[in-house]
Structure formats: structure tokens, C-alpha cells
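Just so you know, the sequences run in chain order A and B.
Going by the numbering used here, the letters in the first sequence line up with residues 13 to 424, in that order.
Going by the numbering used here, the letters in the second sequence line up with residues -4 to 216, in that order.
Please note: incorrect hints may appear among the correct ones.
[Unchecked claim] Subject to a maximum C-alpha distance of 25 angstroms in a straight line, what follows is the list of computed DSS-like cross-link-like pairs (lysine-lysine):
#1 A:K26 with B:K3
#2 A:K259 with A:K19
#3 B:K94 with A:K15
#4 A:K19 with B:K184
#5 B:K131 with B:K70
#6 A:K65 with A:K26
#7 B:K63 with A:K19
#8 B:K123 with B:K63
#9 B:K63 with B:K94
#10 A:K414 with B:K3
#11 B:K131 with A:K19
#12 A:K151 with A:K201
#13 A:K15 with B:K70
#14 A:K29 with A:K65
#15 A:K414 with B:K70
#16 A:K126 with A:K55
#17 A:K201 with A:K109
#18 A:K201 with A:K99
#19 B:K63 with A:K15
#20 A:K19 with B:K3
#21 B:K94 with A:K29
#22 A:K29 with A:K55
#23 A:K26 with B:K184
#24 A:K109 with A:K126
#25 B:K112 with A:K15
#26 A:K414 with B:K63
Honestly, the hints are just simulated from the structure, not real lab data.
Residues per chain are reported as follows:
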Amino acid sequence: MLKNYFKIAIAVLKRRKFFTFISLFGISFTLTILMVLAAFIHKVVGDDYPDTKRSRSLFVTELQETGMSQGGMSSASGAPSYWFLNKYAATLKSPEKVTLFSSSRGTNTYVNNKKIALYYKYTDATYWDVLDYEFLEGKPFTAQQVLNGEPVTVISDDIRKEYFGSEGSVVGKYIEADNVRYRVCGVVKSFPIISYMLYSDIYLPFTVSKTSYNDRSYRGNYNAILLGRSSGDLERMHDEFESVVKKLPTSDKVYQNLYCHAKTYLEAYADMGNEGKSGVNFAIIVVSIFTLIVMLLPTLNLININITRIMERSSEIGVRKAFGASSSTLAYQFIVENIILTLLGGLIACVFSFIIMKLLNSSGLIHHLDLSLNWFVLLIGLGIALVFGLLSGVYPAWRMSKLHVVTALREQ
Amino acid sequence: MIQLKNVKKVYRTATVETLALSDITLNVERGEFLSIMGPSGCGKSTLLNIMGLLDAPTNGEIRIDEEKTDRLSDKQLANFRNRKLGFIFQNYHLINDLKVLDNVELPLLYRGGVPIKRSKLASEALFKVGLSNRMKHFPTQLSGGQKQRVAIARAIVGNPEIILADEPTGNLDSSMGNEVMEILLNLNKNEGTTIVMVTHDENMARKTHRLVRLFDGAQVQ
């Protein structure tokens, strides 16, 4: 049966080449956009360098306080301070390790009168244990160096090339940022800025920070990663941190509520800084709406083309009904044929997506972007092609199946 | 085999009501070869379509092989047609995108079964109509007579008890028409298939067991 449907589907595609071109173009163009988007999302939320232990990590990146005062609703949100995290996150019992690190900040440095924009980040020494940075040369700074406030730094491979050129080893050399000279102790492999929580060009011990990292306010510029021994520790770490935060007073009388959670990477990545709104749900809604909008026009176009094609096939429909096809069998046949068409469009989309991903990767728009046509993207593509096939096939199939057999036979 | 009792068919549009068949009562015996004649528009094809359960009467009752057919669902009707009935049309109604063998296999697709068996039965049916050498051709590569023989093979492949033929020789010259008629006569004689044939050709009609004439939707003979 399926072989017969396949033969018919291919024959119908060959019959009106212009219609086929329009249909396949619409399908493959739409699927290409969505597959590239899927690859991008996978890159953002997937388990990736240098954050390979994401499945057993929780992230504390946001602290919000809210309250009602005479002037109305008060709310303040932002990253927690080093002091807050050091006091309430770093002291937790359930994590195997806890690292504290600042958000990346931008500054400029100069080499041979050339301005180089770079990002810097303050970290503790545990940072290098919790995350799996690949050291191309040298090693991370030590806990003792952090304690001593030594002006040492780990730099990215990108900044090594930009700052030092293509000369040999740079370990032991100095790099200047914000008028301070730091001795390079290690060089790590670069990664794209979309991993914004960890991205930086130079990593410095938090003790060399010019601003006081021990300022006893709740909000600041730091994040924490709580690393469990296994993914089974996530719930325990989460609950322990929740119970600690629950007991804390707010930082000011104008606030009555304090919110600070240990979240999974995805939750933390999509965090909107608003306790009442789930960033993950918001992201899912936005992506779904975008997908629907992108799919809407080609779906309507395909429905129109399908209806035209069905009318050309009324004799066949009549014959099939006469010889024993029920309306539901015919509807099924047409949906299968349409899914064959959309899967064919999906195959073309795979080729287009591969080319576009290669172009994006090499364009330099986002450094070290490494989009790939992996199983996740292929599965998403297959799923969307099937949904596309169903959406654009159901109504024409219903129209087809409802054609009266005598009328259909008369139409030839 | 086929019993029609007080069958009436009215086609209605918003402004016009057309009586296509009025009060037809007719019995077709098992193994009978019946021909239906009459001027164009007298209701011959409508009667055949109603006998073939392709169309429903406005009033009246149809029994095929003692089974009442008016309460059958779409699925049951499809299954009934598939097992009991074979159709031959004046315009052949072959699917041009499928090869001759695939066209003949069509009724068997809706019965399930293994593809090899379907293919074997279709080959046998094509052998019966003398078209074994055209199995891999497409319908557009065949003459009118050959197309009608493919249509006959398609009608008989499922071994139905009844064949309904709507002007099967209408588009053929006399020599090809006679060839097709011979096949139908042999089917009736050798296999005992009940055949009802609509025709305009007196000579063809004379070769059948019985002739029914219609005029303005009514049976006149």
C-alpha cells in the first residue's frame, strides 16, 4: 500500500513541475530557517564546552527583592554580590564544589596603538575545577595566588592571537587591562559569546578587583555554580539553598520578599529577573510563536496547491472509491503522500541548513560559533516536516475524501 | 443476485428537480448477463451507479446477494464494493501515473495481503485479457482497446461476483469492441460472473441474456 502511495506521490510531483518547485521551495525554505534556529538553540542550551558538567550543576545568577511601600510597588533585581554568595551559597553542605565568578565586563586595551576590546571576568580558583576549560598552554591560577591577590590571568586563545600575535608561548608574559599588568599563567580554548555566563577574554582572580568584593550588600555582579556529585544531588542542593534563603531578611525595609534560587542552566539562562514569570516558558512561547509564524504562509500555500492538485485527480479518487477505498483510506493516502512531499522538502532543507550553518560558522558574526547538523537538529527537522505534512495535508485530504464518487468519475 | 425494488432517483438543485429514475423494480439473477439500453439521459448510468452502490437512490431498496445495502456505513460500502463488485467504465478511468500492473492491483490494495500475491493475481488477470506483455507499460502507451482490457483485468482481479460495465465498447471501434465483448461473454460463461452492461449498441446487447430498456427514467421493456 505505502509503495503504491509513494509511486503516486512521486508521479504527482513530476506532473506539474512548477507547482512542485513552489511547494518544495516553501517547505525547504521554512524547514531550513527552523533547523538553523534549532541548531542555535541546541548550541545555547546543549551540554557544551566548557560547561560539560551542566547536568549536575545549579546556577545562582539572580536575586530579586520586592515589596509594597507608600509609593507603590518596589522591586530590585540583578546578580547577587560576592559577599552574599560566599556567605550563603559557598557554605552549603550538599554540593561537591561551589565556584563564584563575576559577570563579564568590557574594557579596552592597547597594543602598538591598536585598540582591543576585551571582556574580563573575576573568578575564584575552584572555577577551574568546576568547569572543563581546555588549557592550550600553562595552567589556571591557584587558590594561593587568589588569596595573595596576585595579578595573574588566564586568557583565551582569541585574545592571545590578537594581543600577542602568532609568537610562541605567552605564559609568563604580561597583558595590560584597565592600566594593570597581569602575568599570563594559562591560555584556554575560546568559545562563542552565546555561552555568556562563562564567556570572557581574560579571567582574573577576584581578589585583584578594584571594587570591593566584600561589600555586604545583597546585589552585585557575581554568579555561583553549585556542582553536585551526580544529577541526583540537584534536588538536595536546590532545597538546601532554598531553606537558607528563606530564613534571610530583606536588605532594606522597603522590601518584604527576597527571591534567590539555584536553577538549572536552562532556567538560569532564560531568567528574566522576575519571580512571577518563568523565563523558560516565555522562551518556549516566543519560539513556538516564531515557528508558527514562519510555518503559516507556506502551510497555507501548500494547502492551496494541494487542493488544486486534488481536483486534477478526481478520476483517480473516483476509481479508488469504486474499487473499495473508504473516505478515511483516501484521506490517509493523501496525508501520506503529503508527508512524503514534506519529507522530501526536509531532505533538501538538510542540505540548505548544512550550507547555511557552514556560512554562519565561518562568517565571524559570532566567534567560534560551531552550529552543526546533529541528531537533535535532524530530529527537530523530521518532527517539523511531519507536523507540516499533517497541517497542510489534513484539510485537502478531507476535501478529497468527501468527493462524491459519481461526481469524481464524471470530472475527467 | 441484484434486486431493485421501487428505486427512484431525483437530482435536486436550488431551482430544479430532475427525475432520473422512477420506480424501477428489477431482478438480476446470479450468472445472468443483462444489458441496459435507452437514449442518452434516460437514466442508464444512474441505474448502474445505484446497482454498484456508487450512488444512493432517493427512494427504494437495493439488495445485493440478499444483503440490504441502505444502512451500510462508508467503510462497509467500500468493503462491499471491493469484494462483490467490479467496474468497467467507458472512459477506462485508468490511473495514468501507475503502470498497467499497478492499475490492475488497485482493488487488491484495499484487501491487504502480501504484495507478491497481489502482483501474481494481477499478472493472471492481465493474462486472461491477453495483455501479459504490457504489464510494465503506462496506460498512455496503450491503444483504446488495450486500455479497456486493462480495465477489465482490474475489474476481475478481485474475483467479484458482479461486474458492472458502463458502455465498455462505447469508445472503441467495432473490431476492438467485439474483442472486449468476447472477453465479457467468456467471463460470464466460464466464470459465472453476473454482468450488467449499459450499451448503445443493439448488436452487443443482443449477445447478452436479457435486455432492459429505459426511457425518461422508467423501464419500458
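Right, here's what the structure says about each hint:
The straight-line distance between the Cα atoms of K26 (chain A) and K3 (chain B) is roughly 44 angstroms, outside the 25 angstroms bound, and the hint therefore fails. About 69 angstroms separates the Cα atoms of K259 (chain A) and K19 (chain A), which puts this hinted pair outside 25 angstroms; it is violated. Annotation: proposed proximity of K94 (chain B) to K15 (chain A) holds, straight-line Cα distance about 13 angstroms (limit 25 angstroms). Restraint check for K19 (chain A) and K184 (chain B): not satisfied, since their Cα atoms lie roughly 37 angstroms apart, outside the 25 angstroms limit.
About 32 angstroms separates the Cα atoms of K131 (chain B) and K70 (chain B), which puts this hinted pair outside 25 angstroms; it is violated. Annotation: proposed proximity of K65 (chain A) to K26 (chain A) is violated, straight-line Cα distance about 51 angstroms (limit 25 angstroms). Only pairs whose Cα atoms come within 25 angstroms are accepted, and K63 (chain B) paired with K19 (chain A) is rejected, the gap being roughly 37 angstroms. For the suggested pair K123 (chain B) and K63 (chain B), the alpha carbons sit about 33 angstroms apart, so the restraint of at most 25 angstroms is broken.
For the given pair, K63 (chain B) sits about 36 angstroms from K94 (chain B) by alpha-carbon distance, which is inconsistent with the 25 angstroms threshold. A threshold of 25 angstroms between alpha carbons decides the hint, and for K414 (chain A) with K3 (chain B) the separation of about 24 angstroms falls inside it, so the pair holds. Note on K131 (chain B) and K19 (chain A): the hinted pairing holds, with a Cα-Cα distance of about 14 angstroms set against a maximum of 25 angstroms. Between the alpha carbons of K151 (chain A) and K201 (chain A) the distance comes to roughly 12 angstroms, so the proposed pair stays at or under 25 angstroms and holds.
At most 25 angstroms may separate the alpha-carbon atoms for a hinted pair to count; K15 (chain A) and K70 (chain B) meet this at roughly 22 angstroms. Restraint check for K29 (chain A) and K65 (chain A): the C-alpha separation of about 51 angstroms exceeds 25 angstroms, so the hint is violated. Restraint check for K414 (chain A) and K70 (chain B): the C-alpha separation of about 13 angstroms stays at or below 25 angstroms, so the hint holds. For a cut-off of 25 angstroms, the pair hint linking K126 (chain A) to K55 (chain A) is broken: about 32 angstroms separates their Cα positions.
For the hint linking K201 (chain A) to K109 (chain A), the alpha-carbon distance of about 23 angstroms falls within 25 angstroms, and the restraint holds. For the hint linking K201 (chain A) to K99 (chain A), the alpha-carbon distance of about 32 angstroms lies beyond 25 angstroms, and the restraint is violated. As the CA atoms of K63 (chain B) and K15 (chain A) are separated by approximately 35 angstroms, the hinted pair breaks the 25 angstroms bound. For the hint linking K19 (chain A) to K3 (chain B), the alpha-carbon distance of about 41 angstroms lies beyond 25 angstroms, and the restraint is violated.
Between K94 (chain B) and K29 (chain A) the CA atoms are separated by roughly 20 angstroms; this keeps the pair inside 25 angstroms, and the hint holds. With a CA separation close to 37 angstroms, the supplied pair K29 (chain A) and K55 (chain A) exceeds the 25 angstroms bound. Between K26 (chain A) and K184 (chain B) the alpha-carbon distance is near 43 angstroms, which puts this suggested pair outside the 25 angstroms criterion. Proposed proximity of K109 (chain A) and K126 (chain A) is contradicted: the alpha carbons are some 40 angstroms apart, above 25 angstroms.
A threshold of 25 angstroms between alpha carbons decides the hint, and for K112 (chain B) with K15 (chain A) the separation of about 15 angstroms falls inside it, so the pair holds. Our distance criterion of 25 angstroms between C-alpha atoms is met by K414 (chain A) and K63 (chain B), whose separation comes to about 24 angstroms.
When held up to the earlier numbered hints, the structure conflicts with 1, 2, 4, 5, 6, 7, 8, 9, 14, 16, 18, 19, 20, 22, 23, 24 and fits the remainder.
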